[in-house]
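Quick mapping for you: the protein sequence lines, in order, are chains A and B. Under full-length UniProt numbering, read the first sequence as residues 1 to 261, first letter to last. Under full-length UniProt numbering, read the second sequence as residues 1 to 261, first letter to last.
Everything labelled a hint here was simulated from the structure, so no lab data went into it. Since the model is a prediction, treat every value here as computed from it, not as a measurement. Glycine is no exception: its CB is placed at the ideal position from the N, C-alpha and C atoms. Among these hints, one or two may not hold up.
Below, in silico cross-link-like pairs of lysine to aspartate or glutamate (EDC-like), each with a Cα-Cα straight-line distance of 20 angstroms or less [unchecked claim]:
1) A:Lys-40 / A:Glu-161
2) B:Lys-185 / B:Glu-103
3) A:Lys-40 / B:Asp-255
4) B:Lys-40 / A:Glu-245
Sample of chain A residues with no beta-carbon within 10 angstroms of chain B, all distances over it, derived [claimed, not checked]:
5) Lys-40
6) Leu-79
7) Leu-87
8) Asp-116
9) Arg-136
10) Gln-140
11) His-144
12) Asn-202
13) Asp-206
14) Pro-250
Number of protein chains: 2
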Amino acid sequence: MNASAADLPRALAPHDRELLSPEQLEARLRAIGAERYHDKHPFHGLLHGGQLDRGQVQAWALNRFEYQRCIPLKDAALLARIEDPQLRRVWRQRIVDHDGEREGDGGIARWLHLTDALGLDRELVESGRALLPATRFAVQAYIHFVRERSLLEAIASSLTELFAPTIIGQRVAGMLANYDFVSPKALAYFDSRLHQAPQDANFALDYVKRHARTREQQDAVCDALRFKCEVLWSMLDALHLAYVEPRLIPPGAFDPRRMPS
Amino acid sequence: MNASAADLPRALAPHDRELLSPEQLEARLRAIGAERYHDKHPFHGLLHGGQLDRGQVQAWALNRFEYQRCIPLKDAALLARIEDPQLRRVWRQRIVDHDGEREGDGGIARWLHLTDALGLDRELVESGRALLPATRFAVQAYIHFVRERSLLEAIASSLTELFAPTIIGQRVAGMLANYDFVSPKALAYFDSRLHQAPQDANFALDYVKRHARTREQQDAVCDALRFKCEVLWSMLDALHLAYVEPRLIPPGAFDPRRMPS
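Using the sequences and the hints given, assemble the complete structure.
Pasting the structure below:
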């Protein structure tokens with residue numbers, strides 16, 4: 001099938017087809033984030049405002065682990081498509097950041113510190129068997145996007161990290177202030193991401209500004225960022241439906257009421 | 001990545017590893033449908049019980065069109081993996097059923113009669129631009145499953161059709177009784193599926209009963225059906241969140257309040 005036509009049809013008015021300057025492109029990307037990044041989702045406000053109970057925070061951490069787990073798979077798929085050794089050297093750092101140098105090191109391991117601190121069973125978290133199906137579908141959509149689209153679009157889909165520092169700051173402050181079951185140590189993942197994410201995002205932003213040389217490519221870059229915002233947003237949608245309102249937990253998914261606390 | 005480990009981890013107790021008889025396998029498959037088929041979803045009850053307004057039925061038909069649109073893509077991906085001409089001859093009929101013999105014929109065209117009857121703009125429906133992202137992710141997950149898993153699992157994932165006649169019967173009767181904006185002509189799609197679905201399902205059921213020759217294959221067949229139930233269930237989850245409760249419509253998705261009625 002034609003993945004472009006299937007995933008992201010976007011109609012553009014015929015008059016709006018002129019090449020953007022790199023600065024105009026950046027402004028459009030930032031406008032997409034301002035409208036569609038998941039810091040605008042109600043679940044984000046509830047999480048960081050201390051309005052969730054422990055079971056709801058567990059559900060968030062457990063489902064978000066699936067995203068963390070798949071980030072190096074996504075980056076390896078992207079790495080496998082880069083012809084330029086210089087660009088591969090830069091991009092491979094993302095895999096190092098998530099997988100670490102040894103057992104217990106790296107972003108995935110730090111996320112497991114959080115699920116540990118929340119009292120979730122590691123085997124349950126790592127097995128993925130209590131995930132919301134929508135979480136899995138969204139994360140797989142991200143991996144497939146990076147595998148199947150152009151390298152430019154794959155790199156552009158990482159641009160949500162442009163907006164990560166704000167959300168991470170809110171998350172750490174809000175969770176420490178509001179949840180007695182969350183400690184600074186449990187949130188160590190976010191300390192690392194606070195300096196990794198801007199580096200990664202600035203590199204990717206510079207890349208797409210330099211390599212999107214036609215208006216079609218610039219539109220594809222914007223669509224890739226919209227797509228990625230949809231991935232993150234739909235993960236919070238699924239959590240909201242299952243664990244906030246109307247608490248419609250799909251068959252087989254994590255149910256905090258059935259967990260030993 | 002290893003798609004099996006990523007998508008469907010299932011732990012089985014060590015004592016539960018004996019080969020099932022074909023009848024036992026069928027009983028397990030029917031039990032999965034009894035628990036997880038989307039006729040158990042609250043949205044189904046609301047839709048067929050006449051408790052939705054026109055905008056909510058529009059949202060359902062618009063999003064479900066994405067599934068209909070992709071069914072022949074899924075079946076073509078499956079067809080492309082079948083070595084046996086005899087099996088290919090049987091399977092290709094599914095593509096004929098959905099695409100028809102000419103413009104305006106077949107299941108996709110009949111679904112568009114429904115969206116027409118509901119007052120949806122065809123260009124909007126066919127463009128896919130107002131879809132819930134979760135709909136797209138679920139449907140793409142189905143296509144990727146069929147592309148990437150074994151032929152046995154790909155065929156097994158079609159087994160939700162075993163449970164379709166009941167839901168179709170409820171749907172047609174319930175929608176005609178409850179919605180004055182739905183006519184028998186608008187529901188012509190379902191008339192065709194009432195005889196196509198059982199034929200297709202019985203063939204696929206017979207196939208998996210004959211070709212799942214190890215317990216691992218039998219478990220994979222059950223997992224494939226669970227996966228497919230999750231695809232359909234998560235589509236109703238997304239509709240429920242956006243259009244029933246708490247009416248959290250993702251950025252860019254169809255909003256009945258903004259439609260001319």
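- Message: Tell me the hint numbers this structure goes against, listed in increasing order.
- Response: Failing hints, ascending: 5, 9, 10, 11 and 14.
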